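Residue numbers (our numbering), protein chains in the order written: chain X, 1 to 122; chain V, 1001 to 1122.
No wet-lab data here; the hints were simulated from the structure. Because the structure is a prediction, the values reported are computed rather than measured. Hints should not be assumed to be uniformly reliable.
[Stated by the list, open to error] Label pairs and their calculated CB-CB ranges:
#1 V:His1064 - X:Asp30: 23 to 33 Å
#2 V:Met1043 - X:Ala52: 35 to 45 Å
#3 V:Gln1096 - X:Glu115: 30 to 40 Å
#4 X:Gln9 - V:Met1087: 20 to 30 Å
#5 V:Gly1122 - X:Glu65: 23 to 33 Å
#6 X:Gly55 - V:Gln1099: 19 to 29 Å
#7 X:Asn19 - V:Asp1088: 31 to 41 Å
#8 X:Glu115 - V:Asp1110: 20 to 30 Å
#9 X:Glu115 - V:Met1087: 25 to 35 Å
#10 V:Gln1099 - X:Ala5: 10 to 20 Å
#11 X:Ala52 - V:Lys1092: 48 to 58 Å
#12 V:Gln1096 - X:Ala86: 25 to 35 Å
#13 V:Asp1110 - X:Ala52: 27 to 37 Å
#14 V:Asp1110 - X:Gly42: 45 to 55 Å
Every residue gets a Cβ at the ideal spot worked out from N, C-alpha and C, and that includes glycine.
There are 2 protein chains.
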Amino acid sequence: MTTTADIAQHIVELCKAGNFAEAGETYWADDVVSVEAGGPPGMDPVSRGKAAARGKGEWWANAHETHSVEVDGPYVNGDQFTVRFAMDITAKESGQRMQMQEIALYTLKDGKIAEERFFYGG
Amino acid sequence: MTTTADIAQHIVELCKAGNFAEAGETYWADDVVSVEAGGPPGMDPVSRGKAAARGKGEWWANAHETHSVEVDGPYVNGDQFTVRFAMDITAKESGQRMQMQEIALYTLKDGKIAEERFFYGG
Chain X
1 MTTTADIAQH IVELCKAGNF AEAGETYWAD DVVSVEAGGP PGMDPVSRGK
51 AAARGKGEWW ANAHETHSVE VDGPYVNGDQ FTVRFAMDIT AKESGQRMQM
101 QEIALYTLKD GKIAEERFFY GG
Chain V
1001 MTTTADIAQH IVELCKAGNF AEAGETYWAD DVVSVEAGGP PGMDPVSRGK
1051 AAARGKGEWW ANAHETHSVE VDGPYVNGDQ FTVRFAMDIT AKESGQRMQM
1101 QEIALYTLKD GKIAEERFFY GG
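Model the full structure from these sequences, guided by the hints.
Structural data, given as structure tokens:
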């Protein structure tokens, strides 16, 4: 039986290898809900459906140069798990380099990510 | 106005100072639900109500010698926030020293902790 811990571990391994898109394609449910803590004016913090989640990921990857990503986890409870990300990135448009920290909370249903929710560090 | 970030920051400050009980007494709702990822046989992972949450905290404090606690956060999204804890402890009964990592997810309602949910690291 595939457990929450198994899926969480695989997603963490994919993220550690930089394969964020593959993690999403493999595990997002078709009706996944992806919730940011905030965003640019005019951008809805809630993305609904696999195509919207994919689009957000592609926008992010294109808009930023990623110098390094540290992935810590998974931390598991029932059908949910959390992962901490520390990113060193440069926003291409502004040229601003930033160190970001966030924790992602994933909720699984039938072995797929039904919801992902991102918490931003200070 | 007191925001989620304000309350989260205060709770993190109390925890960094080792004042876990004070953090709970100040912010737990009377009907707080506290959810562990697991527990010893016979122990319900879900505690309901402030008295039960307090009892769990007192049991934990009495059963373990705490050598150090690292508190990382808060990470905020809406009325929820997460905090990462890394603990170096010894279980008094077994004498076993352990390094534990967990992430706590807090859900606020009317400025109080309505739910806290603990995710265990590997």
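Against the structure, the hints:
Between His1064 (chain V) and Asp30 (chain X) the beta carbon distance is about 45 Å. The supplied range of 23 to 33 Å is therefore violated. For Met1043 (chain V) and Ala52 (chain X), the Cβ-Cβ distance of about 41 Å falls inside the hinted range of 35 to 45 Å, so the restraint holds. Distance hint check for Gln1096 (chain V) and Glu115 (chain X): the Cβ-Cβ separation is about 36 Å, which falls inside the suggested range of 30 to 40 Å. In this structure the hint that Gln9 (chain X) and Met1087 (chain V) lie 20 to 30 Å apart at CB holds, the actual value being about 22 Å.
A C-beta distance of roughly 31 Å is found between Gly1122 (chain V) and Glu65 (chain X), which places it inside the suggested range of 23 to 33 Å. Checking the proposed 19 to 29 Å range against Gly55 (chain X) and Gln1099 (chain V) shows it is violated: the Cβ atoms sit about 40 Å from each other. Between Asn19 (chain X) and Asp1088 (chain V) the CB atoms are about 33 Å apart, so this pair conforms to the stated range of 31 to 41 Å. The supplied range of 20 to 30 Å is met by Glu115 (chain X) and Asp1110 (chain V), whose beta-carbon atoms lie about 24 Å from each other.
Range check, Glu115 (chain X) to Met1087 (chain V): Cβ separation about 28 Å, and the 25 to 35 Å hint holds. Remark: the range hint 10 to 20 Å for Gln1099 (chain V) to Ala5 (chain X) is upheld by a beta-carbon distance near 19 Å. Under the hint 48 to 58 Å, the C-beta atoms of Ala52 (chain X) and Lys1092 (chain V), about 51 Å apart, fit the expected range. One distance hint, 25 to 35 Å for the beta-carbon pair Gln1096 (chain V) and Ala86 (chain X), holds here, with the actual separation near 30 Å.
A beta carbon spacing of about 32 Å between Asp1110 (chain V) and Ala52 (chain X) agrees with the range 27 to 37 Å that was offered as a hint. For Asp1110 (chain V) and Gly42 (chain X), the hinted distance range of 45 to 55 Å is not satisfied, since their beta carbons lie about 31 Å from each other.
Violated hints, listed in ascending order, are 1, 6 and 14; each of the other numbered hints is respected by the structure.
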